[in-house]
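For reference, the chains in residue letters:
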Amino acid sequence: MHDALLKAVRMMQKNGAEFCDARSQIIKNIDIRSVNGDIRHLSDKTVGGVCLRAWMNGRWGYYTTTFLDDIHEAAATAVKNASGYPRERIELNVKEIKSKRTQNVKIHPDNADMKEKVNAVLDVDSSQVRDKILNRIGAYGEEVSKNILINSVGSEIEWEEVRTRFRAMSVASDGKKMERYYGGPDGTCGFELVKSIDIEALGRSVADEAILTLKAKRPPSGSMTVITDPMVSGLLAHEVMGHASEADEVVKKRSFLSDAVGKKVASDVISMYDNGTVDKAHGTILYDDEGTPASNTCIIENGVYKGYMHTLESASLMNSEPTGNGRAENFGKRIWARMTNTFFGPGDRTLDDIIADTKHGILCDKMVNGMEDPVGGGFEAKVLRGFLIKNGKITNMLRSFTLTGRALEILRTTDAATKNVEFDGGMCGKGIEDWVNVSSGGPYCRSDIIVGGG
Amino acid sequence: MNIHDIAADALRHAKEMEHAECYVIESLTHSAYIDGSRISNVETKIDSGMSVRVAKNNKLGRACVTLNNKDPTEKCVRSAIRVSSFSPKNNMFKGYPLPSRPSVKADVFDKKINDIDERELKSILSSVIGACKAEIPRGSVRLSTIRSVVANSNGLLTEHESTMVYAHFTSMFRGKRNGEGTGSVHGAFLNIDAEHIGEELERKAKASASAIPFKGKETLTMILPPCELGDMIMSSAGSALNGENVFYKRSPWTDMVGKKVASDILTLTDDPNVPGPLCSAFDDEGTPSQKKVLIENGILNGYINDSFIGNSTGNGMRRNSEDAQNIYSSGVTIKPMNMIVRSGRCSCDDMIEQTKNGILVEKFAWPEADPLTGRFGLEVRCGHIIRNGKITDTINNALLMGNMFDALAHIEFIGNDAVNQGCITTPTMSFSGVKLAGN
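Protein sequences, first through last, are from chains G and E.
Per the numbering used here, the first sequence runs over residues 1 to 454.
Per the numbering used here, the second sequence runs over residues 1 to 439.
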């Protein structure tokens, strides 16, 4: 493959590309999912192919294929796709890298016993058995991605990424209503992730919490003091501040954070980072899909806005350095500025301490999902459940609710954060597609946010 | 090898298994993007892959591979057999579909899409840009040609050929506050009305820029246009009608056939005869598709199933309406081909006129109800407040809260402006009794 990619790069150069790269990728997944003790999905997936990219006249031309049988045609098509009415001439700032790296995992998924993977799923499923549990779900997923990138400045990079996730989810019913609860770890790890947890305890706890949620009350609505847990803090960091800090949105001035560098955008309590090098976090990468090494980008420091996440193109347009955020869902998709591990930095309080000095508020417990709003800076986060706080004490459990408001208004009210930062892995879309592995996180944070529930 | 030969070859390699099925698909996609009101990336994407499912002694396994080397078939079959050996017995499995004659003739192939070149693609985007006097920071159009084959050890062999159009745009109008509009196109034919899309994007962005934060709380009627309603119906009724959710009793409509689940005026049909991007004579397991009335005048008639759940209604799907790439890597899920809400007689303007207190939602952050409970609490990014039959304000920064199953039982009006949103076609509808809360 190396030779074919090199040949493709030379052909694209010969056809007039100002800069070009050729990338091959093979992604191998094992997915196992059980429902009520039956293995519902057990699959072995291998997806692979090649992406040729030509930069010319200020735009990209792509050619992607699963089978690079005609390199001449492929290279010519990529360059032709970049042709047309010239935009401004922009020279990309690309450094030559020659490297071969693999992620440091203890038990590579290829070396773990498939029977053990299946048993782990069945064990977490069976440990959820309770009278009121309608559905017991266990899930295991592993992904090994092998990449080769060659470009026209002479870079030749090979790297492998490994990810593992393990989940339990219970659906509880009392005959009238249904509620659910979930949990489980993920990360850029091998099978040691599963071996490191108490599988039965995970299943039992998820089932018990789902049953408890059946008694949850309807949440209040209106503007309230809200203590976001690390998942929901991460959602606020990721969906609003993160997406709006992707430099391709800033170049177009679509982001409400365009021209924000140096300005105070949040309270002193808030610092925020996108760090693709966090050890074992789900969004950690070795290189982005343009061959730029992962880095730690400080986005907000003590409330002051610092900078953006870049691709090669956005870095050149903004006279900045690439940050290792040029990512694509896979070889067949476009590269955008994307996040890796995005999180708020730690504060100096404990959770008990913050709850104790909250007169009337809500404590969040796990997220459902959220949606970006780079133009308006609006925040929407669906929260799985929460707890009402009255006079410094946790009282009733609350069923699912939604948080909303203007991100900058919310972050200006943040007055407390805990010492510990936690991460939660997942998939992030750019708008409504182009899914990449990320994580988001933060400490528990206390802010004023609009709350509402159905 | 062509896709027929690959499927036949896979079945030969899987002879040791009691049951085997091979799905092979190839696609060609032309796509182009708008970035900052200018055409940027142009892409040509060639994709092909296969998925093999096998079963022996009720132990099931699945594998899929990209067709990126000269002999992927045996590797794929061996992987499926290998993983099946680790599977415990699944007594629900009754085998893959038997050969059957089609009852639907779904013609969803447009030669113009198959033959399009990058100049025509750019010209579509240029027309959208030209018709929109607001900015278009981001947009894309994707035109795909798909060919697939399903073959199984029962002697079933079906083939499918279709074209698919998907486009999505965001617009932005700069004012005191920037406003954003969005628009999307789902379809099977190259009949993109670029001028209309551009004008709508401009109108939505300007409306959003003029919105003011909503204050207070009230109970009112919500009017949802097709672009916001499609996902609300799919995440509630679509999920409740899904045979897998019914089997595992997590559908709130379990054991409700013959009972009232919605307003009398709601009739919901899955009809592959009405062209949509997913319509085909057979589903992606090879079961003939069929027209099914799922809810008739508010009464639940039945559910949609795949072969695993049993009594397949021809709704075992791997394809989606947005993207032709990597379809072979998707497992079979139960999905309507084209779920159609029977249209009413009134226009959206008529609905507004007959609404005392209401909100016409232009844009949610993300339209979605909880599939288990139907509950929703959605951020309104742009909505028009209605007082005594007239739009009085345009608002944002508010939460609209309710329960979609309750809403379906309290439909006030169904419009006459149905639009396909992928696997659902719905007109504008209005629902009473939802709550709106602002700061």
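Please keep in mind that the hints were generated in silico from the structure rather than gathered at the bench.
Heads up, the beta-carbon is just placed ideally off N, CA and C, and yes, glycines get one too.
A hint or two may mislead.
As the list claims (entries may be wrong) - 25 Å max Cα-Cα, derived SDA-like pairs, lysine to any residue:
#, chain 1, residue 1, chain 2, residue 2
1, E, K133, E, F86
2, E, K291, E, V185
3, E, K217, G, H108
4, G, K306, E, R203
5, E, K15, G, N36
6, E, K217, G, T225
7, E, K249, G, K28
8, E, K390, E, K249
9, G, K28, E, E322
10, E, K15, E, S127
11, G, K253, E, T254
12, G, K419, G, R40
13, G, K132, E, R177
Said to hold, decoys possible - FRET-style restraints, in silico, Cβ to Cβ:
#, chain 1, residue 1, chain 2, residue 2, range
14, E, M256, G, A201, 48 to 54 Å
15, E, V257, G, N369, 47 to 53 Å
16, E, R345, G, C298, 43 to 49 Å
Problem - In rising order, the numbers of the hints this structure does not comply with - result: 1, 3, 4, 5, 7, 8, 10, 11, 12, 13, 14, 15, 16
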